[in-house]
Each structure stands twice: as C-alpha cells, then as structure tokens.
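Enquirer: Chains as they are written, first to last, in the working numbering: chain W, 1498 to 1733; chain E, 1498 to 1733; chain H, 1498 to 1733; chain X, 1498 to 1733; chain G, 1498 to 1733; chain Y, 1498 to 1733.
No lab work stands behind these hints: they were computed from the structure. Be careful, since some hints might not be right.
Identical copies carry no separate label here, and so any pair may be met within one copy or between two of them.
[To be verified] Derived lysine to aspartate or glutamate pairs resembling DMTMM-like cross-links, with alpha carbons at most 25 Å apart:
#, residue 1, residue 2
1, K1557, E1529
2, K1730, D1650
3, K1499, E1518
4, K1557, D1536
5, K1719, D1632
6, K1499, E1527
7, K1690, D1567
8, K1690, D1564
What follows is the residue order along each chain.
There are 6 protein chains.
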Amino acid sequence: MKRILVINPITEDAFNAMTEEYLENFISDEIELEVISIDRGPSSIETFYDESLALPEVLKRVRENKDKFDAIVINCFADPAVHAAREISDIPVVGPAEASMLLALTLGRKFGVISTFRNSGPWIELQVNELGIEDRLAEAAGIEIPVLELGKDLDKTAQHLIEAAQKIIEEKGAEVIVLGCTGMARTAEIIRKKLNIPVVEPLAAAFKMAELLIDLNLVHSKNGLYMKPDTGKINQ
Amino acid sequence: MKRILVINPITEDAFNAMTEEYLENFISDEIELEVISIDRGPSSIETFYDESLALPEVLKRVRENKDKFDAIVINCFADPAVHAAREISDIPVVGPAEASMLLALTLGRKFGVISTFRNSGPWIELQVNELGIEDRLAEAAGIEIPVLELGKDLDKTAQHLIEAAQKIIEEKGAEVIVLGCTGMARTAEIIRKKLNIPVVEPLAAAFKMAELLIDLNLVHSKNGLYMKPDTGKINQ
Amino acid sequence: MKRILVINPITEDAFNAMTEEYLENFISDEIELEVISIDRGPSSIETFYDESLALPEVLKRVRENKDKFDAIVINCFADPAVHAAREISDIPVVGPAEASMLLALTLGRKFGVISTFRNSGPWIELQVNELGIEDRLAEAAGIEIPVLELGKDLDKTAQHLIEAAQKIIEEKGAEVIVLGCTGMARTAEIIRKKLNIPVVEPLAAAFKMAELLIDLNLVHSKNGLYMKPDTGKINQ
Amino acid sequence: MKRILVINPITEDAFNAMTEEYLENFISDEIELEVISIDRGPSSIETFYDESLALPEVLKRVRENKDKFDAIVINCFADPAVHAAREISDIPVVGPAEASMLLALTLGRKFGVISTFRNSGPWIELQVNELGIEDRLAEAAGIEIPVLELGKDLDKTAQHLIEAAQKIIEEKGAEVIVLGCTGMARTAEIIRKKLNIPVVEPLAAAFKMAELLIDLNLVHSKNGLYMKPDTGKINQ
Amino acid sequence: MKRILVINPITEDAFNAMTEEYLENFISDEIELEVISIDRGPSSIETFYDESLALPEVLKRVRENKDKFDAIVINCFADPAVHAAREISDIPVVGPAEASMLLALTLGRKFGVISTFRNSGPWIELQVNELGIEDRLAEAAGIEIPVLELGKDLDKTAQHLIEAAQKIIEEKGAEVIVLGCTGMARTAEIIRKKLNIPVVEPLAAAFKMAELLIDLNLVHSKNGLYMKPDTGKINQ
Amino acid sequence: MKRILVINPITEDAFNAMTEEYLENFISDEIELEVISIDRGPSSIETFYDESLALPEVLKRVRENKDKFDAIVINCFADPAVHAAREISDIPVVGPAEASMLLALTLGRKFGVISTFRNSGPWIELQVNELGIEDRLAEAAGIEIPVLELGKDLDKTAQHLIEAAQKIIEEKGAEVIVLGCTGMARTAEIIRKKLNIPVVEPLAAAFKMAELLIDLNLVHSKNGLYMKPDTGKINQ
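Next comes chain W alone, as it looks inside the complex:
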C-alpha cells in the first residue's frame, strides 16, 4: 500500500473532506489518501501575498509528514512551496499547475487555462514561462469569481467557466482546457459535458501524477535546481 498526502495550503479545513471525497473518484486500490490543511495563513490563495504567507506553514506540514508518505500533492494551482518541499524531502512533491499543464501538452496543440481573478491570467503566463512551454498556451484568463465563492453555486460557476472556455477555444484556438484553480474540481464534469474537448482538472491530474511517479520510482533531481537546505541556519 502506497500513501499520498494532499496538503490544502489554506486555513479552511472544511475543504479537506471535500477534497478527499473528490479524489476517491480517481484513487487506485493500492493507494491510501490523507488530506490536511494548515493552521495559520490565508483562507484562500489569490495573490502572491496570500501564497507567501502560506509557505512556512505548508513546509511545516511537509517536514512533519515527509517520512510517513510516498508522495505529496500541494492542492493549489499556484503550486505553493512545491520547489522548497522538493528540497527537503526524498519523495515526489507534485503541484497541480505543473502536472495539469504538462498533461495538457499531450492532449492537443494549444491549451487554454481558465482561472479566478484577472490577475491569474498573467500569473499563469508566468508559470507557463517558468515551465518553458509558452509556445503551447492559447490564453490564460480569469472569470472574476473569488475562490471561496466558486462552490456556492456550482452551476453558475460552471456556466461562467464554459463561456470563458468557449471564447478561448473559438478566438485563440485552444484544443484543451485546463481549469486554473483546484477549487473548481466539482465543476469539471458539468463543463466536460458542454465542451467537446478535453478538460484537465488539476487536482486529479496532480494526484494521478503523484501515483505515476511512485509507480515509476521517480523522485525530483537533487543535482541542480534543488539543493538540500542547511536547516540549522533557520532562526525561529
């Protein structure tokens, strides 16, 4: 039995059960799942500021759990603390943005990303540039709904996402749509029924990518970008 930890990098532990329930749809028999959140920090991540305040707490969770699990998923499209978590652990650490956008590359020529606020467009472009896959992005755009309101009316949220996706499909030639926020997971099915192209939901993508890395026995390289930190020099 292999164990995957999902860290919700927010203080709202109400989402933990929902996350678990959603991932049960994709889980293999050989995998055990645990979902936890953080004690202090933002209740949702919508800005670099929110993300920054979540990092030390996410890393605390990683330190506490890295020896008890076979892989970790950090459940937010900003991929918060993913680089740092890889430095301090010897198991795969997966971020939903990276995992879902890499999957999108195999599903069609151009992918679009639909996210929450206007700032998420350029932010996702920045992630895309970091990944070095800018030639494949059709467009990243926001629908102007805050993360914490995405779930209030799933049909309305889905409707907004569908309209934004259709615009990118028709005007920019997107062949694949990536949902740009893991808080949109429960709308994925509604959206898929309306759009006749692949829709990549990033939380499920990250979770299965974690499983794949475990199965292939692959862990992030420590011979370049990631270096084991000297934890002795941290002053609390």
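Using the hints, position chains E, H, X, G and Y against chain W.
Expert: What follows is chains E, H, X, G and Y alone, placed relative to chain W:
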C-alpha cells in the same frame, strides 16, 4: 479491467515477449496488457526512412485494435504514427518520446537525452522543438550503437550510456536523463544505480501515462490538430 | 540540361498535367520537368493519416528516380516524406511548406498562411515550430474547403482565400500571405490582384528553390539530422 | 528628500551597517537610506526553502514601512517577496536580480551570472526565464562558497569569482558579468580591476533603479499580474 | 558635476529648447544637460530610410562631443546610431527604445507600445526581437499621426494615444504602456491621468538611465558586439 | 533579359571586377549583371560604425539605379541599407546574410557561421535574432582576419575557416556552414573540398535568391515593416 495495447512498430516479434516481461514490473492489477508487432517494414527504426515505412503497418494495427482496447502505446522513441493514430481512434494513443520528456520536465530544470546514432541528437531536438520545450533540453546525444545491438551486451551498453549521460550532466547541467530509445529499457536499472539523478525510461513512462489518461478519462482533442480522416479516399 | 522531378503524393494522376502546365510558367530554359504520382495511398492529403499512408509510395518513387534527376519536389504542403527522401538520395529534395515559408521570411516581417480545413492551422503551426520560425508567423488558418474541391470553382475558392487573408492582414498584421496547399496554385494570380501584398504560392516556390539549390550545387547535409538508412533491414 | 528602505531578508543584523556603508558610495544628496533586517527566518538565503521561510517576515517589514518610504529594495538576489510586496504597496519595490539583469541587457549582447552554490545556476536560469530574457544569458554558474563565507576572505572570494567569470567570458562569450548574490558587493571593485568588461553589482543596481523609478514617478502596475490582496482573509 | 549630451538626430533645431525644458523636470542637481541637433539629414525619423540618412551626422556629433560629456542620449525611439556610437566612445550611450522597454519589464508582466505610423508596429517588434524580450510584449501599434504633427494639438494627440492604449490594455492585456516616439513626451502627463497604469516616456527614461549608468560607473562592453573601429579606413 | 545590380558598399572599386567574375559562375543566360561600389565611406565593413557611414552612399546608388534593374543585391554580410533600400524601391533588394541563413535552414538542422573578427559572432547572433531563427544556429564565430586581408593568401584564409568550421561542427553539431563575409567567396570551393557538409557562400546565395524572386515575381511587402518614405523632408 482496462486493456492497453503496446505496438512494437517493427517486424521483429522476438521483442514482444521481452516488452511484456519488462512492463509487468509496472503494471497495476486493473490493467491487462497485450504486445504486438507489425508484419512488414523495418526491423528497427533509426532513420526517417525506417519510420516512414513502418507507418501504414502501425496504422493497420491501430485500425484492427482501437475498439478492443482502452489505450495504445506505440513502442518507439520516434513516436511513429502517433499523430495519425490519434486521428483515427477515440482512445488515448501515447508515444514514449512525448511521455518521457514531459515527465522529465517535472523532475528537474534541464534534461538530457541519450540515444543511439549521431542523427538521433538533431532528431530528438526536432521532437523537442515540436513539443515547444527547447528551453528545458540540456542536450540530446547518440552513443553510436545500433538499436538491434543494444541488448547484446547489456553491461557494455549501460556503460556507454552512463558515460554519455555523465558528460551531459557535468558539461551541460542535465539534472534528469531520458533514455532516447525504448530498446534501452533493460539497461535502465543498471544506469540508475550509477547516476544519482532521475533516469526516465520511455516505454515505462508511456505505459503509465496511458494508464493515467485512462484513469482521468482524458482523450486527445479532435478540435484542432487532429481531424477524423475520410478513410474512403484511400486507394489500396 | 538539369532535370527536376515533381512527385504528386496522391493517387489522382489527373493532377499531373495540371501541375506541369502550371510550372511551365516558371521554368527556365535549362530545366526539364517531369511530374508523376503514386499508385496506392490517399487521393488527397488532409490529415496525418492520409500523409502516413502516402509515405512508402512516395519513397518508392524517390528510390526509382533519384539517380535520374538533379532535384526532387514533393508536391504537397505537408512536405510528406521530405526528411526520409533526403536520407536516401544525394540530390536536393524540396518541400513546398519549407520553401515557401522560408521565402516569406524575406518578404516582410510577419506572414500568414491560408489553408484548407481547420486542422491545417495547428498543423502548419507545428511545421513552423519545427522550422523554428514561430516569431514570424502572424496566423495559420483554414477556409473549410476540401483539397479536391479547391479547383471546382476557382473564383469561389479565391474569394474564400482572399477573405481569410484579409482577416489575417488586418487583425494579425500579416505582411505576406503563403497559400497553405499546393492545390491552390491556380488561384494565386486571382488572389494577388486583390491583395496588395506578396502572395507566395508554395509549388512554384519549391520548384524554383530546387532550381536554385541545383545552381548553387547545394545538397542537404548528411552529417546530423539525416543519416543514410540501412535499407537491408526492411522486410517487405 | 526621498527615502529608500533596504530590507535585508535575513536574521543577521550585522550586515545592516555594512549594507549602508556600501550604498553610501552611490547615494545622491536627495536620498535618505535606512537598512533593516528580519527577526525570524534564515541567516542567509541559498535555497527555495530558506527563501520561503523569509517571506512572511519580509512582508511584515513591508507592511510596517510602506507608508514611510518612497521605495523599497529587498536585498537578496532571489528577489524574495518582491511580487507580494508590490501587491501590498503603492511605491516601487525593487529586486536586485531583476534590476541587475535588466541593466546587463543594455551593456552588451550576452551576460553571465556568477553566484554561490551549484543550485544557483538553474535557479538564476529560472529567474531569467521568468523575465523572458533567456536569449541574452551566456551562462549562470556557482563558485561553491556559502553566502556567509563570501566576506571572510574578500581576496579569495574575488579570485574565485574572477576565475568563474573568465571561464564564462571565454567559453560562452559573456560580454557583461552580473554578480549573482548581493553578499558579493564588496568584491565588485576587486573583480572590475581584473576583468575588462562591465561588472554589475546587484545591490547598487537595485538601489539606483529604485531612485530612478522615484524620479520618473513610476510604480508597478496593479492592472494585471499584481492585485491588491484581501488582507482580511489571513488567519494568524 | 556630470554632463549629459542629448542629440536630436534631426535637422529641426526648434526641438532643442523643448527637449531641454522637458528634461529639466527630471534633472538632478549633479547633472548638466546640453541638447544639440544635426545639420543634414531628415527633419523627423519615420522610416529606415530617414534613419539611415541621419546616422553619419549623429556619429559626427558623437565624435565631436564624446570627450566632453559623461554620457550621451540619442533622442529618437529608433535608437539611431546607438550601436555605432558605443563603438567609438568610452562613455554610456543610451537609446530611448532600449531604456524605456527595459524599464517597462520591471513595472508589469506585459507592456504595449503606442507609436506613430502603421510601420512602427513591426519595426518596434523588430527592436523587441533584437532585445530578446518578445515574450513580454503585448502589442506595438501606430496611431497614424506623423511625428511632426504630434505637437500641433497635444490634447488631440493624447486622445488618440489614450484610445490606442486602452485597446491594447483591454484586448491584449498590457499592464504598462511605453510611448513609442520621443516626440510624444509632452503628452505623457495627459495620458497618465487617464490611464491607471504606468506610462513610460522614453526620453525621460533614457535620460535617467544615462544618469544611473554614470552613477554606477558602467559603460558598454567592448568585448563582444562592440569593437573599436579602425577610423583610418573611412574615405570622405 | 533581366538585370541585377550588385552594390559593393565600400569605396574599394578594385573588388567590382572580382565580384563580377565570381558571379559569372552562377549566372543564368537570362540575367545581366552590373557591379558598382560607393564613392565615400568605409573601405570595408567590420563594425556598426563602418556600416553606418556606408548607408547614405548605398542608398544614393539605390536611388540612381532602382528603375533600371529588376533586383538589387547589397554585397556585404551586414546587409547594410537593405531595409531602407526596400522602402524606396519596387524591386527585390536582397542581403547576403538573410539569403544565406534562410537557405541554410533547408540544408540541415543546425547551421554555423564563420566570420572575420570576434565582434562578428554576437553581431551575427543579433541578425539571427532579428530573423527569429535562433533555435537553428549552432554558433557564430570569428577567425580574427580583417576583411581586406582575407584575399591575400587564399589558402591560409581557407585553412583558418576550415579549422573554425570543424570546431563548430564537432563541438556544436553544425550540419551546414555559412561563410559570414562575402569577402570569403573565393575560398568557398577550397573549404567545400575539406568539409563534407554543405557550405553556403552568401554572395552567390543572395544573387540566386534575387533571380528567384524576379522569376516568382515577388517583391517585399509595403504593408507593414516597410513604408515608402517622404523624401521631401531630407535636408542635404
């Protein structure tokens, strides 16, 4: 139970059992595997010419089997017929080059690819440009051993691969190594023991990627690059 | 006297005379032209599937003729079998997409390509990425007319092409238009009269490029991407 | 009189006086300078982990001071918290990596960066990709001296930096050298005397860039990548 | 006291006083400014032809003055003679296009440029490609007002610029606007009041960048792109 | 009969006869050739400064001759005045750098350029970036022989070029070599005999490209980068 078909795009059916045996190491309980080869064409693929002559036969195998399987893997790093096979089927079709290089992107900043002949360097670069991930490639290089001799002396082959990999790691900063030929699968473990960085073996990568796409219910988009062909206009 | 062979990679030999007649407009006194087609395969190339099935037959034609000609042009914008044909011959092999898009680069800053179906847009983008000239492409788009109907009503076809070109000129800043299918050759003059920018017709471009390479005594490099194949390992 | 705050994102306040003394060499009469450090976090930043733990403390300093200053410089080549600090303030926030690499672009065609550990090479490449200036980077490399030992023997440190720079100049064609750690500031003069090409020291570059932005009355855009955060949703 | 020379690369010396007056708004106490124009050549630069005819005269001014000043700004967005002037002088030579677009990179993710005629769009794109910052450009566009008429009705000119900027902001996601002609300097304030994003005026940007380079004691590298010419081989 | 003018953008008219003689090797029966030089300016072009001083004189030659010829070639790898000459004429104007590097793209995956001084390396890279073909360049390098000495000892010059080319072929994977100075034309045959890869000589390439553009009736677009200048505003 889900079924994955692996097509060896060569006329040497001696490899089928070997392929099956190797993949047994990675297979889930929920997956059934079948490996087949082609009747006419090259005994190995080392040039565009070899690849071209394999295509119609690979596509014949795809046509014959696409309704009996849940995903298809075409077992050659040239990803032969992958685009065309996606056009004529409604299930995921996975190529080892695409799958393994996308995985490499998550495992470190720069990846290197080690393949067979000198021409494979620029060829893989061409594949990398097609994927749009050229910023992440450290180097692609050949070891000047023909595909069909890779397996004759596994230790010697592994030794050559290790030396070529070390050169790319030291001189070009590769943090991850991708084996650039699926005929190198059985050397992967030997190589991993010597290099302390991730080594992605493309056949296993493609096989697990096929499984992942099945699990996520994702199929290649037909709304752009891939269009259902009018098979009526083919004259045999 | 120098001899150029044009291979129509389709089974419709009705086009051979038309191809010859069109190229007579551009031919020098020092060049002799022959146009042939293939026996088996697609009647037109509109998908990767069509292209794949044409390849062995095109290569058969190349094998039969490579020692009797000074250059070969493969008459389809997919540039089918061009890489493989270069491997097995010692004369220039020219593809219309490559030739016409390289010419477009010298005629203005941004070029647009107008082709047949919707899938040709991303397909041409893929070719552009392979060529590494993506910074210069304004847009590639389709007009939704099948190849074999392009010639049925030349004025109507030209009208569709003009409208699609004007859209790319006005909205995407194209300064040069490349026709994205060699089946559009006879519409080129009609289009040129309406658009006041250069229109590159790819068959003529490829034909003259073949002549230029002959005159400069330049043949494709065999010291990298192209390697002479071991034809002994092909099983018929 | 204009006021610039320099935040040392480390817990070693011993560096504050040194920073101030160094910047006195570049300060205009019209500028007042203050240098502060943070209370908790790393004593130096060499990994993503170190950086992550510094962020909330740096942002606390920004919150406390943003209304008392005309610009803020965050004194570390990782540009820690720069994006987030821009979101919560209405004054320019400058990072040394961004400022120095942009300056390098005007001083020659290719620039090289010399930094501390091996991991800084790919990390700086990541920053370069984020900035979108990868065509201009000759190479980023480390000298394997920890940040906190850079100042122990300035001549020895300078000697290592000179050798690493010369290698990049000769082998990779760098025309400009950027020091890849603000802890190298005091070696800059020694290095400049040995290399006959421009050497950009990032702390001074960032400080003068802050002054320039104040003088031109330019502040970072809030109409895209940076959005004012809802600070109410942070749970302490 | 440091001295900066501004060369107006046009024959209209009426602009010299205006240039001086405008720059007084940004000048430090420690800087002395002189503005001169050229004797022969174009009265404004709107084409490569205009620019070409200005070059020898600009370089004559550089030769005459390079030993009397600490930096030179060439006051035109085409950055005419900037490369050549750097070759023959030992002081910083700054071009407004380069300076303003580099500044734009730090102020937001994507910048737009608004310039005079339609041809300035692709021309600025060419400059952007030369700088290697094409990933950051939202769009460059012209407003179809000749340079010499920009100042006739400042409010009308500003109104055209504002409309063009708003289009790029809304449709292309520009977060920063760069004015693409130094003849637009006096409209900058009017435009800033209407757009709530940073507007970079290139003459002021270049002037302050010259000052910054003087303060940091940085001069363009002579170890690569720029080589001291052998002036003996010029025949007058 | 079609007429092509070659302008040697230097004051040494001794080269005119040599240029003519060399091009006779490639000329068709249908083409008439004339070679002229300029009255004032540099005796060779090795820096931006040299180039700048040649421009007005080259453009004078273009103005005098554009109505008497069917195409113009400007015989220098810096492609001096090519953009401006296209603006003022209605016939093709061809530059050797652009023509030869575009041809190189069809002959192999990666091309290398060998030129005169060290500064020509980054300069050619700048041209490559302008063309947008940087993914295809293996390396551009200089051999440290001044233009005017290239012809003094052809065998010695060829020997230097061969050594530089071999280094780029072996170490950087160049499959095609472009000579980076039209003054190297007479060494091309010697070099070709030693290297078993295509060697593109840029003067012949530009000359034949001019012929090809005449034959295809293609002229540079005036609907974007190039705008007809208002010659009335030039003050002599």
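Enquirer: Each hint: holds or not?
Expert: Comparing the hints with the structure gives:
For a Cα distance limit of 25 Å, the shortest separation of K1557 from E1529 inside one copy, 21 Å, qualifies, whereas the shortest one across copies, 39 Å, does not. For the homomeric pair K1730 and D1650, the shortest alpha-carbon distance between copies (21 Å) is at most 25 Å, but the shortest distance inside one copy (47 Å) is not. Within a single copy, K1499 and E1518 get their C-alpha atoms as close as 18 Å, and across copies as close as 23 Å, so both meet the 25 Å cut-off. For the identical chains of this complex, K1557 and D1536 are neighbours both inside a copy (10 Å) and across copies (19 Å), given an alpha-carbon limit of 25 Å.
For a Cα distance limit of 25 Å, the shortest separation of K1719 from D1632 across copies, 20 Å, qualifies, whereas the shortest one inside one copy, 28 Å, does not. For a Cα distance limit of 25 Å, the shortest separation of K1499 from E1527 qualifies both inside one copy, at 6 Å, and across copies, at 16 Å. When the C-alpha separation of K1690 and D1567 is checked against a cutoff of 25 Å, the pair qualifies only between copies, where the shortest distance is 20 Å, while the shortest distance within a copy is 34 Å. Proximity of K1690 to D1564 under the C-alpha cut-off of 25 Å is restricted to the inter-copy arrangement: shortest distance 22 Å between copies versus 40 Å within a copy.
In summary, this structure violates none of the numbered hints.
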